Every structure is written in structure tokens, then in C-alpha cells.
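Asker: Here's the letter readout for the chains.
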Amino acid sequence: MIITGRVWKFGNDVDTDLIIPARYLNTTDPLELASHCMEDADKSFAGRVQPGDIIVAGRNFGCGSSREHAPVAIKNAGVACVIAGSFARIFYRNAVNIGLPILECEAAAAALQSGDTAEIDLTAGSVKNLTSPGTYQAIPFPSFMQQIIEAGGLINYVKQRLA
Amino acid sequence: MGMTITEKILADHADRGRVAPGELVNCRLDLVLANDITAPMAVQEFRKLGLKKVYDPGRVVLVMDHFTPNKDIKSAEQCLTVREFAREFGIVNYFDVGAMGIEHCLLPEQGLVLPGDCMIGADSHTCTYGALGAFATGVGSTDLAAGMALGECWFKVPESMKFVFHGQLRPWVGGKDLILYTIGRIGVEGARYRAMEFTGEAIGALSVEGRLTMCNMAVEAGAKNGIVPPDEKTHAYVAGRARRPYQAFAGDPDAAYIAVHEYEAGQIEPQVAFPHLPENSRPVSEAAGIAIDQVVIGSCTNGRLEDLRIAAGILEGRKASNKLRLIVIPGTQEIYLQAMREGLLETFVEAGAAVSTPTCGPCLGGHMGILAHGEKALATTNRNFVGRMGSPESEVYLAGPAVAAASAITGFITHPEEVVKQ
Chain A
1 MIITGRVWKF GNDVDTDLII PARYLNTTDP LELASHCMED ADKSFAGRVQ
51 PGDIIVAGRN FGCGSSREHA PVAIKNAGVA CVIAGSFARI FYRNAVNIGL
101 PILECEAAAA ALQSGDTAEI DLTAGSVKNL TSPGTYQAIP FPSFMQQIIE
151 AGGLINYVKQ RLA
Chain B
1001 MGMTITEKIL ADHADRGRVA PGELVNCRLD LVLANDITAP MAVQEFRKLG
1051 LKKVYDPGRV VLVMDHFTPN KDIKSAEQCL TVREFAREFG IVNYFDVGAM
1101 GIEHCLLPEQ GLVLPGDCMI GADSHTCTYG ALGAFATGVG STDLAAGMAL
1151 GECWFKVPES MKFVFHGQLR PWVGGKDLIL YTIGRIGVEG ARYRAMEFTG
1201 EAIGALSVEG RLTMCNMAVE AGAKNGIVPP DEKTHAYVAG RARRPYQAFA
1251 GDPDAAYIAV HEYEAGQIEP QVAFPHLPEN SRPVSEAAGI AIDQVVIGSC
1301 TNGRLEDLRI AAGILEGRKA SNKLRLIVIP GTQEIYLQAM REGLLETFVE
1351 AGAAVSTPTC GPCLGGHMGI LAHGEKALAT TNRNFVGRMG SPESEVYLAG
1401 PAVAAASAIT GFITHPEEVV KQ
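As you go down the protein sequences, you meet chains A and B in turn.
For what it's worth, our numbering labels the leading residue of the first sequence as 1, then goes sequentially.
For what it's worth, our numbering labels the leading residue of the second sequence as 1001, then goes sequentially.
Don't take each hint at face value.
Unchecked claim - What the simulated footprint calls covered on chain B by chain A, stretch by stretch (three residues with Cβ under 8 Å from a Cβ of chain A suffice, anywhere in the stretch; the number is not a length):
{"hint": "1", "stretch": "1064-1074"}
{"hint": "2", "stretch": "1183-1192"}
{"hint": "3", "stretch": "1375-1386"}
The set of hints was computed from the structure by calculation and includes no laboratory data.
The structure displayed is predicted, hence computed values, not measured ones.
Think of the CB as a built atom: it goes at the ideal place given N, C-alpha and C, for glycine as much as any other residue.
Go ahead and model the full structure; you've got the sequences and the hints to work with.
Answerer: Rendered as C-alpha cells:
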């Protein structure tokens, strides 16, 4: 699957309180969560992000709480993929479980800048910067996680197991 | 090559003779946990599976602690979702207002989590229970839903880091100071995906409560789990609380560690973590004089009886500064009751504190003490991220209960010895 989108760049240690502040965790409504996505990092983000856009960040993206509301907010804001230098472990699991595409790629995370257009081949795990040319290769998922992704998330994977 | 305690627990629960870091294993779960924020989403996902029962109604724990007693209609609806699920599926350990406490204070106290357990919680601070020699880690709602269905969870076996604290603690230094100091040395991703194992003479001298505080914040260094090998104190704590048999594990002497960090406990001052990351910890002497608007004593990190006793010992016969609000939140009903019997609550109220029923409340900017823009809080909580306790333009400093109580009296961040010697 190929994604082409505009880059929104954030720094290191983007925590889950920045992605979706706890004051909005009194709901599980995906669109309501999306309307507050990244609010305390960039108030304008939720209003300006377009379907297919890409979040690019530094190291330790999604650190902090276990709230699955964070990848849910990002996914339902229309973000097609998150590329980061590294991910905090609970966010990483949650993103895979709910079907938010993520790629761990330090070089792409460093090179891509806000406003750039990037082309991502999710199957190959490759990232191409169409604005300032460069191609980068992400760390592949362990094969077991690939099965969850191919099943369409953890719940579908469990359904297959229980069937 | 031997195994660490973390590897042994995972090997046992995967029915394997041995496991090595990096391997993916499927483990039996002794317990699964969720709260009023994460359970509603887990319930939604669980219902998609169309199952008539959870894997074991006695091993699912649901604690309504974050936005309770409910702060608004939406929070009330969230709790209603979970309450109805608990009734429908016969969840034995459902804790609602009046019985609930802050989950990570409540589960050890109630003997629900035990040495040698392998468990997941849809709350990042689930790593707290490593203090009892359990493998416990935080997950999201969907993993929790799968755990409720299968009674299993997959893990990547983490590499272990060993932290050895030699010597004796200085006065006014506790578990919170040791963990803030540690995170200050290794950073907020210094233990990402790894196990943090705490040992040494100073850890042996800590109470189980102090160890719970340390393991609680392992996730703030990015760790999968924190763990303290069980000793006599662990078994004494569990005795009389355990509701089922358990098997404690010990690491092998020749187990492999990816890193070993050794610290002299006697060199560590009470710590304060500056905004906006827990890794910004410094000795309290370097924070002296910072004016604060609110002090919060409580949370899953420092809301236990020992914490309240330390704070009350400093506040007794003294008044909190009229320039700030002091909020004290006992972690559970049992802690609340015991603090009342010991006169601690009276001390707090006479000092000018607001004393609350157990709730996570202000720690995550939920309710019961939200900050306005430009305000600074000193809190015994675990995170000082941007906007964590309210306005994105407020600031949170983290410390232990002794520094918090001393600072509440002066109105500035203060070393406890400055107040107590007066």
C-alpha cells in the first residue's frame, strides 16, 4: 500500500498527554478524540490536518500513558502514518492493535520536515521524500506483529484464533 | 547462562524451560486490570468478539478511579458502561466509589497481585507491582480486551538492566527520590522496552511501599517493567493479604544484564523533577526558592500510608502557606480509614489541607485540583508533562512526600530539614 501525504513534524518525547490530553478522556468517541488530536503540542493541528497527512517525530513517540485514545485520535484525524525515530512500547502495541500504520525510521524522522511531501510504501517499509529527495528504509515489524497487521488488528486476529 | 527474575516469570507463564531477551512468548495471565478510562474502550473491543464470558471472572479487576466520584456526565456514562459489563459478566473484583482506591495502591493492599504473577493492566503504571516480585506491565485497551478473552498475552522478552543502590539512605530520602534520581541519570527512554531490576542494601532497607513507588515510575524511563526480587519484607507484606497461592521467583547468579548501574544511596539528596519531563531531576537544594501555587500529596506513586505519615510528621503543628492550596488524597479507603485513626487527617485539615476521597483526580488533570495558566504545582505524582495537571501553560514539579509537605509550609520548594529544624 502506497501513501502520499504532507508532513507534520514534531520533536522528541511526544507524550500521550500532548497527543490527547486527559481532560478529553471522558469519551471513547473516535471523532471527538480526533478533534483534540495534538492539541497541547499544536492547537491548530486538528483543524488543519488533511486525510492522508503524515506525522513525523523524533525519539520515544507516544511515551507516557497507556491510553489507546492516542492512536485512535491520530487515526481518526485522518493521519495515514506516523514515522518516528523510535516509539514508546505501549503506543507501538496500541497502534498495531488498532490498525494505525507506524514506521520506525531514524533517518527519515531526521530528514523529513514540516510541509514536505512524503511517499510511503507500507508493505516494503520504505519512505521517499518527494520535496528534498531522499529514500529511507524503516525497521521491519517482527513477523508475529505482521500477522496482526494482516488480520486487520488484534481483535480480528483473536477472532481467527477463537474460530 | 542463567535467567533474570523477569525472564524466569515469563518462562514459567509461557510453559517454557527458558526464554532469552528478544524472543516473543505467549504467557498465561494471572490477572488483567482496567480502569474507568481504559475499560470502556476494552469493553467495546471485547464485545466485538461475541463471547459469553471472560476467561476467568475472578481474575479480571476493574477499578473506577480516574474521574471518580464522577466529575461530569460523560465520565458517569463511562463508569455506567463498565458497571453494566461487570454485572453482566460476573466480574468479582469490580471496585466502585466507596470501595475503590487508586488501582495501584488498591491491588497490592487487597492481595490481588502476588509475587511471581504475570499480569497486564490497561494503565501504564501497572509496572508498580514489580515491587512484589511480579511481572506486570501496561498495555492498551485492545490488548486488555484480548487478555480478558484469552487469559494470555504475547510479550517480547525484555533485556534486563540492574540498578544497585549501595549503602544507606540519607534522612528524608525515600523510594521517590531514588527513582527520580535514576530517571535523571538514564533519561525518559533510558530503559525503553527493558526490565529495570532494583537491588542493593538501600533497596533492602526500603519498605514495600517505597519499592512500589520506585517500580511505579519504571515506565517513566520507558521500561516494560520494574522489579524487586522478593525478600522477607515482601512475604511479610503479602502474608494475610494473598487470596490464592503463589510462587515467588529469584534470578540466577549468572543471569545476563544489558547494563548494570551502581549508585551510592548516601550521595543522593531528596530530588525534584523540573518541568516538563521526569528526567529533569535535580537535588532539592537546586530547586530551593521556587514559589508554588499548589501542592498535591497522593497518587499511585505516593498515596500510601507511609507517604501520609511522612507528610503528617512534617505538617503536624504547622500551617500550610496561605499562598498555596494543599491537597491530600489517600490512595484507598483502607489507607483513608487508617490515616483517620492515626490522626493524620486531622493534622492535614488543621494545616489547611483539602483532604479528598481516593481518586487519581489532579495527577492527570482530571479534576480535584486543576491548574490555571502560569501556575506551578509541586506534586508527589509521576508525570510533569505539558498540561498534565491542567492548563498547557502550567508547570508541575515532582517530588516525594517529605519535600511536598515542607514546601507546602513555606510556599517555596524546600528541603524538609529546613522546616523540621526550625
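Asker: Hint by hint, work out which the structure violates, then give me just those numbers in ascending order.
Answerer: none
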